[in-house]
Amino acid sequence: MATVKAGLIQVGLKGDTSGTPESIREKMLEAHIPFIDQAGAAGVNVLCFQEVFTQPYFCPSQDAKWYAAAEKIPDGPTVKLMQEYAKKHSMVIVVPIYEEEITGIYYNTAAVIDADGKYLGKYRKTHIPQVAGFYEKFFFKPGSSNWPVFETAFCKLGVYICYDRHFPEGWRALALNGAEYIVNPSATVAGLSQYLWKLEQPASAVANGVYIGAINRPGTEDPWNIGRFYGSSYVVNPRGEFLVEASEDKDELVTADMDMELVREVRNTWQFFRDRRPETYGRLTDL
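Residue numbers (full-length UniProt numbering): 1 to 287.
A portion of the hints provided could be inaccurate.
As the list claims (entries may be wrong) - Straight-line C-alpha distance at most 16 Å; calculated EDC-like pairs for lysine to aspartate or glutamate:
| no. | residue 1 | residue 2 |
| --- | --- | --- |
| 1 | Lys-88 | Asp-37 |
| 2 | Lys-198 | Glu-248 |
| 3 | Lys-65 | Glu-100 |
| 4 | Lys-65 | Glu-30 |
| 5 | Lys-156 | Glu-261 |
| 6 | Lys-156 | Asp-259 |
| 7 | Lys-5 | Asp-37 |
| 8 | Lys-72 | Glu-22 |
| 9 | Lys-118 | Glu-151 |
| 10 | Lys-14 | Asp-251 |
| 11 | Lys-65 | Glu-22 |
| 12 | Lys-5 | Glu-261 |
| 13 | Lys-250 | Glu-261 |
| 14 | Lys-65 | Glu-151 |
| 15 | Lys-141 | Glu-100 |
| 16 | Lys-14 | Glu-241 |
| 17 | Lys-118 | Asp-75 |
| 18 | Lys-118 | Glu-84 |
| 19 | Lys-87 | Asp-63 |
| 20 | Lys-88 | Asp-63 |
| 21 | Lys-14 | Glu-30 |
| 22 | Lys-141 | Glu-101 |
| 23 | Lys-27 | Asp-16 |
| 24 | Lys-87 | Glu-22 |
| 25 | Lys-72 | Glu-101 |
| 26 | Lys-198 | Glu-245 |
| 27 | Lys-198 | Glu-241 |
| 28 | Lys-80 | Glu-30 |
| 29 | Lys-137 | Asp-63 |
| 30 | Lys-27 | Asp-251 |
| 31 | Lys-14 | Asp-222 |
| 32 | Lys-5 | Asp-257 |
| 33 | Lys-5 | Glu-248 |
Said to hold, decoys possible - The calculated label-pair distances, taken between Cβ atoms and stated as ranges, are:
| no. | residue 1 | residue 2 | range |
| --- | --- | --- | --- |
| 34 | Lys-27 | Phe-272 | 20 to 26 Å |
| 35 | Gln-130 | Lys-65 | 31 to 37 Å |
| 36 | Asp-257 | Asp-222 | 22 to 28 Å |
| 37 | Gly-19 | Gly-104 | 20 to 26 Å |
| 38 | Asp-37 | Glu-265 | 19 to 25 Å |
| 39 | Phe-272 | Asn-225 | 39 to 45 Å |
Just so you know, the hints here were simulated from the structure itself, not pulled from any lab data. Glycine is no exception: its CB is placed at the ideal position from the N, C-alpha and C atoms.
Work the whole structure out from these sequences, hints included.
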């Protein structure tokens, strides 16, 4: 398909974090559904939500209450619901949620659903931060997904999640595995990361000749108040050019038309893959 329409949805937290994870999930899904239908009406082919999109970003806490937010993939309620919407709109949907493999083993995961509603597989966040305000190792086991690329109805799709984006190796692995479009659902707050937000992913798009969709939630979340999630979801092309950018503070759907022929054109122009010297890179895995 020469042109693929990407859609990204960013939504601030709905509900009170003193409530149950189940009640918050219901409110977040209710807030997303009008945007999903809007995306379908706009002809979006590939839709993605923000990191752990049905919940607050609960990682400033170390509260076991939030383990109850985890769901089975693909048999949990959120993935099942999104399969219905994917089929309804003939739209690929990337579903980033908290995953329970078994009781006590939890991952930060994105499920990928094809345009016919079929579950294609999942990517589990590889790099897990553990710094003040981001105590993710309390909640998530590191994934080891072997850089899956999903053959969807519209493009070859890869997923990288939030903190992963700081590690160039994964972008390259996804591109070498065939990805043409990579989404990066995130939850990141103003401060050091905001400068990097508009730097790293365009640079990774250029280095790997891919489109990248970056999604971040807006707003603040009580009671943790670790900072302002600054939205600014965007799509960049393989030249690192911004095709669309969301606001910093609104619930919003943004869409962009991606000319997939540009992937081949850019890669053939720069020839970064041809000129790689992987036989000299042993040091990257020695340490």
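Against the structure, the hints:
Among the hinted pairs, Lys-88 with Asp-37 is consistent with the structure: their alpha-carbon atoms are about 9 Å apart, no more than 16 Å. Note on Lys-198 and Glu-248: the hinted pairing holds, with a Cα-Cα distance of about 13 Å set against a maximum of 16 Å. Annotation: proposed proximity of Lys-65 to Glu-100 holds, straight-line Cα distance about 14 Å (limit 16 Å). Proposed proximity of Lys-65 and Glu-30 is contradicted: the alpha carbons are some 22 Å apart, above 16 Å.
A hinted pair counts as satisfied when its Cα atoms are at most 16 Å apart, and Lys-156 with Glu-261 qualifies at roughly 13 Å. A hinted pair counts as satisfied when its Cα atoms are at most 16 Å apart, and Lys-156 with Asp-259 qualifies at roughly 13 Å. In summary, the hint linking Lys-5 to Asp-37 is supported, as the alpha carbons are separated by about 15 Å, within the 16 Å threshold. A distance of roughly 14 Å separates the Cα atoms of Lys-72 and Glu-22; the hinted pair therefore holds under the 16 Å criterion.
The hinted pair formed by Lys-118 and Glu-151 meets the criterion: a straight-line CA distance of about 12 Å does not exceed 16 Å. With a CA separation close to 11 Å, the supplied pair Lys-14 and Asp-251 stays within the 16 Å bound. Restraint check for Lys-65 and Glu-22: the C-alpha separation of about 11 Å stays at or below 16 Å, so the hint holds. The suggested pairing of Lys-5 with Glu-261 holds, with an alpha-carbon distance near 13 Å, which does not exceed 16 Å.
The suggested pairing of Lys-250 with Glu-261 is violated, with an alpha-carbon distance near 32 Å, which exceeds 16 Å. About 36 Å separates the Cα atoms of Lys-65 and Glu-151, which puts this hinted pair outside 16 Å; it is violated. Note on Lys-141 and Glu-100: the hinted pairing holds, with a Cα-Cα distance of about 10 Å set against a maximum of 16 Å. Of the pairs offered as hints, the one joining Lys-14 and Glu-241 is violated, with about 32 Å between alpha carbons and a cut-off of 16 Å exceeded.
Distance restraint check for Lys-118 and Asp-75: the Cα-Cα separation of roughly 12 Å lies within the 16 Å cut-off, and the hinted pair is therefore satisfied. Annotation: proposed proximity of Lys-118 to Glu-84 holds, straight-line Cα distance about 9 Å (limit 16 Å). With a C-alpha separation of about 36 Å, the suggested pair Lys-87 and Asp-63 falls outside the 16 Å cut-off, and the hint is violated. For the hint pairing Lys-88 with Asp-63, the CA-to-CA distance comes to about 37 Å; that exceeds 16 Å, so the pair is violated.
Restraint check: the Cα-Cα separation between Lys-14 and Glu-30 comes to about 9 Å, which is no more than 16 Å; the hinted pair holds. A distance of roughly 10 Å separates the Cα atoms of Lys-141 and Glu-101; the hinted pair therefore holds under the 16 Å criterion. Restraint check: the Cα-Cα separation between Lys-27 and Asp-16 comes to about 10 Å, which is no more than 16 Å; the hinted pair holds. Among the hinted pairs, Lys-87 with Glu-22 is inconsistent with the structure: their alpha-carbon atoms are about 25 Å apart, more than 16 Å.
Our distance criterion of 16 Å between C-alpha atoms is met by Lys-72 and Glu-101, whose separation comes to about 6 Å. Taking the CA atoms of Lys-198 and Glu-245, the gap is near 10 Å; set against the 16 Å cutoff, the hint holds. With a CA separation close to 11 Å, the supplied pair Lys-198 and Glu-241 stays within the 16 Å bound. For the hint pairing Lys-80 with Glu-30, the CA-to-CA distance comes to about 15 Å; that is within 16 Å, so the pair holds.
Proximity of Lys-137 to Asp-63 is assessed by CA-CA distance (about 12 Å); at most 16 Å being required, the pair is judged to hold. For the given pair, Lys-27 sits about 14 Å from Asp-251 by alpha-carbon distance, which is consistent with the 16 Å threshold. Between Lys-14 and Asp-222, the direct Cα distance comes to roughly 11 Å. Compliance with the 16 Å bound is thereby established for this hinted pair. At roughly 4 Å between alpha-carbon atoms, Lys-5 and Asp-257 fall within 16 Å of each other, so this suggested pair holds.
For a cut-off of 16 Å, the pair hint linking Lys-5 to Glu-248 is broken: about 22 Å separates their Cα positions. In this structure the supplied range 20 to 26 Å is violated for Lys-27 paired with Phe-272, their Cβ-Cβ distance being about 44 Å. Checking the proposed 31 to 37 Å range against Gln-130 and Lys-65 shows it is violated: the Cβ atoms sit about 19 Å from each other. Checking the proposed 22 to 28 Å range against Asp-257 and Asp-222 shows it is violated: the Cβ atoms sit about 38 Å from each other.
In this structure, Gly-19 and Gly-104 meet the distance hint of 20 to 26 Å, their C-beta atoms being roughly 24 Å apart. Between Asp-37 and Glu-265 the Cβ separation comes to about 34 Å, which falls outside the hinted range of 19 to 25 Å. Against the hinted window of 39 to 45 Å, the Cβ-Cβ separation of Phe-272 and Asn-225 comes to about 42 Å, which satisfies the hint.
Of the hints listed earlier, those the structure fails to meet are numbers 4, 13, 14, 16, 19, 20, 24, 33, 34, 35, 36, 38, in rising order.
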